[in-house]
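Asker: The lines below spell out each chain.
2 protein chains.
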Amino acid sequence: MSEFKRVDGGVTAARGFRAAAVCAGIKGKTTRPDVALLASDRDAAVAGTFTTNRVQAAPVKLCRERLAGGAARAVVVNSGSANACTGPQGMRDAERTAAVAAEALGVDVRTVFVCSTGTIGIPLPMDRMEAGVREAARALSPDGGPAAARAIMTTDTVDKQAAVELRIDGADVRVGGMAKGAGMIEPNMATMLGFLTTDAAVEPAALQDCLSAAVRESFNRITVDGDQSTNDTVLLLANGAAGNRRLGALHPQWAEFAGAVAAVARDLAMKIVADGEGATCFVTVAVTGAASNADARAAARAVANSLLVKTSWFGGDPNWGRVMDAVGYSGAEVREERVDIAYDEVSAVRGGMKDPGTPLRALEEALRRKRFTLTVNLNIGVGTDTVYTCDCSEAYVKINSEYMT
Amino acid sequence: MSEFKRVDGGVTAARGFRAAAVCAGIKGKTTRPDVALLASDRDAAVAGTFTTNRVQAAPVKLCRERLAGGAARAVVVNSGSANACTGPQGMRDAERTAAVAAEALGVDVRTVFVCSTGTIGIPLPMDRMEAGVREAARALSPDGGPAAARAIMTTDTVDKQAAVELRIDGADVRVGGMAKGAGMIEPNMATMLGFLTTDAAVEPAALQDCLSAAVRESFNRITVDGDQSTNDTVLLLANGAAGNRRLGALHPQWAEFAGAVAAVARDLAMKIVADGEGATCFVTVAVTGAASNADARAAARAVANSLLVKTSWFGGDPNWGRVMDAVGYSGAEVREERVDIAYDEVSAVRGGMKDPGTPLRALEEALRRKRFTLTVNLNIGVGTDTVYTCDCSEAYVKINSEYMT
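Sequences listed follow chains A and B, in order. Each residue of the first sequence is one higher than the one before, counting from 10 in the numbering used here. Each residue of the second sequence is one higher than the one before, counting from 10 in the numbering used here.
All the pointers check out, no bait thrown in.
Footprint (simulated), chain B over chain A, 3 or more residues, beta carbon under 8 Å: (1) 58 to 69; (2) 330 to 337; (3) 340 to 347; (4) 360 to 372; (5) 395 to 407.
If you only want the chain A side, here are some residues facing chain B, beta carbon under 10 Å, derived: (6) A93; (7) G96; (8) I129; (9) T239; (10) K319; (11) S321; (12) G324; (13) G325.
For the record, the hints were derived by calculation from the structure and aren't laboratory data. Nothing here was measured: the structure is a model prediction, and the numbers come from that model. Virtual Cβ for every residue (Gly too), placed ideally from N, Cα, C.
Chain A with its partners taken away, still in its complex shape:
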C-alpha cells in the first residue's frame, strides 16, 4: 500500500457509493448489525470471483448469474446465515432478497447482488431479512462504509477495510474495500467475502482481469485452517463517478490502477489472516528454489496448513522438523539434503539438517515476533510461491467447537 495514498471510508471512499448497516435479527436476539447494503448511484461495471467448492450457496449461484448481466447497482450482504444447503427455497430467498432491494432502491433487479455468510443449512428468516433490507435502503449514506464493514463480520474480531487514492487522467480515483473472514479460510477463497469499489470508469473485461489477478495475489494466498467455504465471493464494482477516460489494458495508467486494486485486496487479505480465529502470530511462508511454481505452492500450502507446524508456532517452538516433514509430504519434488529453512534472517536448516551455527535461542527469538517469514529453499529449480497464514491456538479449537449449528 505504501505507493498509494491511503484514505478513509472503506467501500464508500469511492464516490457515488453509499452504504448502510442494520440489525435485522438474522443472528437472533442481539444488537449486532447483520445486514449491509452497498449501492452505487449509477450502473457500475462489475467483476467477481467465487469459491471453487462443489457445494455452492444460493447467493453464490445468484451472483454468478448476475455477473453475466454486466451491471451492478447494489449488493446486499447478510451475516448469521450462509443460505447454503438450503435447496430451491434458498434460491427463492436469495432472489426475493434481491427483489426487495431493487424495489426499495428503484433499480433493475438484475443489477442487485446478494451475499451471505454464517451457519450452513439454515434458511434465511425472510420476514426479518426483507424488513432489514428496506431499512438499510432508507439508511444509505456516503459515510456508511465502516458500518457496513462491521455488519458483515461473523467470528471476526475487527472489521477489515482499506481504501486508496490515485490520480488518473487528472481525476482523483479511489479504490475502496471491505472484507470479512476469520475461519474456514484457505487459498481459493474460503469463507471470505470481499467487496471492492472504485469510482474509476473501467472496461468490463479489463475489470475482471484486474480483479482475478488481484485475488490471485491476495485472497488466494491466505490460509487459516485449510477449509474452503461454500460462500466465498469477491466483487469489484466500478461506477465511473471519477470522470476519468475509461480504463483498459491499453490505457497508459492501467498498471497503476490495477496495482491500486491489488494493494487494497492484499491489505484486506492480510487483515483477514491477522484476525485468524485464535491467531497469535502472522506468518509468511515463502518457498523458493522449487522445481516449478506449482511445486512451490504445494510445499507452501502443506507447511501453512500443517496442524503440527501451526501448533508449534503457537508454542513458540522453532520446530523445523515439522516443516521438513510437511515439505516432504507436500507432493513437491524434494531432495532432503538440499533443503534450507530460515525464520526471518535466522537460518534453521542448511542442507536438510540443523544449522549448527544457529543457537536455539536465536530461532526462539525470531518466533517471538508477532510477524515473521518462514523461508524454505528447496534448491532444485526456480519455482517460488508465498502463502500467508497464522498459528493454531487452543482458542481456535474453542471458537470452533462452540460455534454451534
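Using the hints, position chain B against chain A.
Answerer: For chain B alone, coordinates are given in the frame of chain A:
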C-alpha cells in the same frame, strides 16, 4: 478380531520371538523406557511398508535396504529421537545401532532392522543408545512383548498390542503385534510404527502381499491430524516356529492366515486412533455412492481431516454444514442435491438439505456416543471408502504446542 481367538503377549505371543525394553536415556533424564528390542530365535521372512514422505529418516532408509536381504533376526526401536534430517551421521548411527545389536545377539548385521520415533533433527545419543541395545539384548524374554510395546510410546497414553491364534495344518499359529502413534497420523502411515510377528512359515513374496493388503485396510485408513511422518514403518516377521507347511497364496488356509494378519493390523490401527492426541471420540467416516473409489477416498479424507468438522465433533455439535463443505472441496464429484448424511442411524441430510424429520436433539445424542459412524452417500455411483479418525480438542493443540524441539 471376533473370528479369531485372542491371546496375550503382543509381539511375543508368537513362538520363537523374544523382546525386551530398557531405559537408555534417549528421552533425557526420565525413567521411561525408550529402547525396545525384538528378536527371533531363527531367521524370519520379513515384509515391510514405509512412509511415502519424500523426507525419510535414516532408519527408514536402512530398513528398506535390509528388506531386500529377505531375512530378519532382530528389530531395534527407540523413542525420543526420530533420527530424521540427521544426514550422513544419522545413517552411520542407524548402521552402528544395527551392528551393536548384531554383535550382542550373535547374528548377521544384515538381518537387524532399526526404527526410530521422536523429535526430528536431533542426532541419536549413540553412547546411550549402544549401552541400551546391549542391555536390552541381555534382557530378552519370551514374555517381553508388553514391555517393548511401552518402550516405543511417545505421546501415546496407552500401549497398543494385539495377538490372535488360529489353527493351520494342525499347528497352532499365532500372529502378534504392537504399534505406536498418537499424532502426525494420516493415511499413508504417519508417525506410526507397527511390528507384527508370526510363528507361521510363510513364503516371502506372499508375506509382503499379505502385509501390504493388511496395511491398506488398517494403518492407511486412519487419520488424526493429516500430517504424514518421516519415520512410518510397519514390519511383519514370520519365523516358522509353529511348524506349519509353508503358507503361500495356493495354501488352502491362506485367506484365513491373511485375515488374521489383517485383524491384528486393524486392531492396532483402531487403538492408535482411539488414543489420538487429545481425542475424545472415535469416528468412522464412511463415504458411499461416489463416482469412484478414489472419489470416495478423497471425500472421506477431506471430512476426516477438516479442522472445522473435527472441532465441531469435539463440541458435540452435529454441524453437517461443515461436512457438506468439506465434501464440496474434496475434489470428488458432488451433486449437492443428492447428498445424504447420517450420524449412525440418524439422518442429518437428505438431498443436500437438512432432514426435516430429524430433531437436532437426535443428532446431538448420536454425537454424544464415544464411537459413531458418519455416513456420506453421494448417490452418484458405486464408489466407497472408509477412514477412521477422531475429534480435535483443545488438548491436541496443548500437546503439540508444548512438545518442544
